[in-house]
Amino acid sequence: MEPGAHTATMEAGWGGGVSPFGATWQKTMMWIFIITDALLFSGLLCGYAFLRQANPAPWPDRSHVFSIPFIALMTFILITSSATMGSAVTAARLGDMKKALLNVSMTIVGGAAFLSCQAYEWTHLIREGARLTGPIAGSELIEKGVTSQFTQAFFLLTGFHGSHVLSGLVILLITAIRTSMGKTPSQGVEMAGLYWHFVDLVWVFIFTLFYLL
Amino acid sequence: MSETAPGANPYKIYWITWAILLVITVAMLAAEMFHLPRLFLVLFLLAFMMVKAAMIGGNFMHLRFERRNLALMVSLGILVTSLILYTFITPESWHVKATSAPASEPAPAAHVE
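Listed in order, the protein sequences are those of chains A and B. Note that the working numbering has the first sequence beginning at 1, numbered continuously upward. Note that the working numbering has the second sequence beginning at 1, numbered continuously upward.
For reference, chain A alone in the conformation it holds in the complex (with noise of 0.2 angstroms):
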């Protein structure tokens, strides 16, 4: 390659200008955004690594204090919910509104499905006993394993990602509604999607990392 071609390559690439990733500055910021918040659960992951490799009493059996079924549930949820949005992006991009819109509602409602999954999954360890802090003394979940640790990361992590899912779905919900009006480009529904799919993807860490390992 020349000089001045690999020079011009390198440019187009790396050099920075107008627009260094190809890309408009709302999406730029989109995955700045993602790439921190990536490393925020990251660093709640690796938190988790530790308080498992730490512990002195052998990790709990996920199944004995799970239902693995019900989660596998919640996790295909959340992968339909993801392709929905993934056709609602590509319908708008062609400019087929209405369809954008039918696809945001069904990820809306794949959202809601999964939080409220979410929510029985910890009525139900509550009530059996887990806290922050640790199972309750005497509780059936001291029986099957279940420290400290343990109900930490689980709070924390499934915490963090609801949390995420929930402001997934506000801004959704802002979406569908100005897409009703009119209101919104179809970069808008591109932005929401990017989100919606980065939930997705955390889940699949979480899903494999705490619940089947």
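Certain hints may be false.
Claimed, not checked - Keeping only pairs whose Cα atoms sit at most 20 angstroms apart, straight-line, the calculated EDC-like set for lysine to aspartate or glutamate is:
{"#": "1", "chain 1": "B", "residue 1": "Lys-12", "chain 2": "A", "residue 2": "Asp-96"}
{"#": "2", "chain 1": "A", "residue 1": "Lys-27", "chain 2": "B", "residue 2": "Glu-66"}
{"#": "3", "chain 1": "A", "residue 1": "Lys-98", "chain 2": "A", "residue 2": "Glu-190"}
{"#": "4", "chain 1": "A", "residue 1": "Lys-27", "chain 2": "A", "residue 2": "Asp-37"}
{"#": "5", "chain 1": "A", "residue 1": "Lys-144", "chain 2": "A", "residue 2": "Asp-61"}
{"#": "6", "chain 1": "A", "residue 1": "Lys-27", "chain 2": "A", "residue 2": "Glu-190"}
{"#": "7", "chain 1": "A", "residue 1": "Lys-144", "chain 2": "A", "residue 2": "Glu-128"}
{"#": "8", "chain 1": "B", "residue 1": "Lys-12", "chain 2": "A", "residue 2": "Glu-190"}
{"#": "9", "chain 1": "A", "residue 1": "Lys-144", "chain 2": "B", "residue 2": "Glu-32"}
{"#": "10", "chain 1": "B", "residue 1": "Lys-12", "chain 2": "B", "residue 2": "Glu-92"}
{"#": "11", "chain 1": "A", "residue 1": "Lys-183", "chain 2": "A", "residue 2": "Glu-121"}
{"#": "12", "chain 1": "A", "residue 1": "Lys-98", "chain 2": "A", "residue 2": "Glu-128"}
Calculated from the structure, these hints are not laboratory results.
Here the structure of chain A is known, so what remains is to put chain B in place on it, guided by the hints.
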């Protein structure tokens, strides 16, 4: 950059990705039932977790179609930072475990309400 070939169904990619994610999730759940050696099971689950993450990032979030510097900044940036963080805290967790009470003693977890 165009994400689909002219004339192709632009929604197809999402539902194909959805189906693959579903199959992988079922495979991960099924793997627990086969009583595989622990190390093999862990590697299997971690590998499929990364495949799922790559599919969501690439197809749902369109990173496959973005400029390479953006895709690399996002994927490698998060992955490398996380690995560095994990690598640095792991020896400390081993140290804490080695100096903690043995597993046979009751864990100081329970509290009275």
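How the hints compare with the structure:
no.	hint	in the structure
1	B:Lys-12 with A:Asp-96	holds, 16 angstroms
2	A:Lys-27 with B:Glu-66	holds, 11 angstroms
3	A:Lys-98 with A:Glu-190	holds, 15 angstroms
4	A:Lys-27 with A:Asp-37	holds, 15 angstroms
5	A:Lys-144 with A:Asp-61	holds, 8 angstroms
6	A:Lys-27 with A:Glu-190	holds, 9 angstroms
7	A:Lys-144 with A:Glu-128	holds, 11 angstroms
8	B:Lys-12 with A:Glu-190	holds, 17 angstroms
9	A:Lys-144 with B:Glu-32	holds, 19 angstroms
10	B:Lys-12 with B:Glu-92	violated, 47 angstroms
11	A:Lys-183 with A:Glu-121	violated, 37 angstroms
12	A:Lys-98 with A:Glu-128	violated, 45 angstroms
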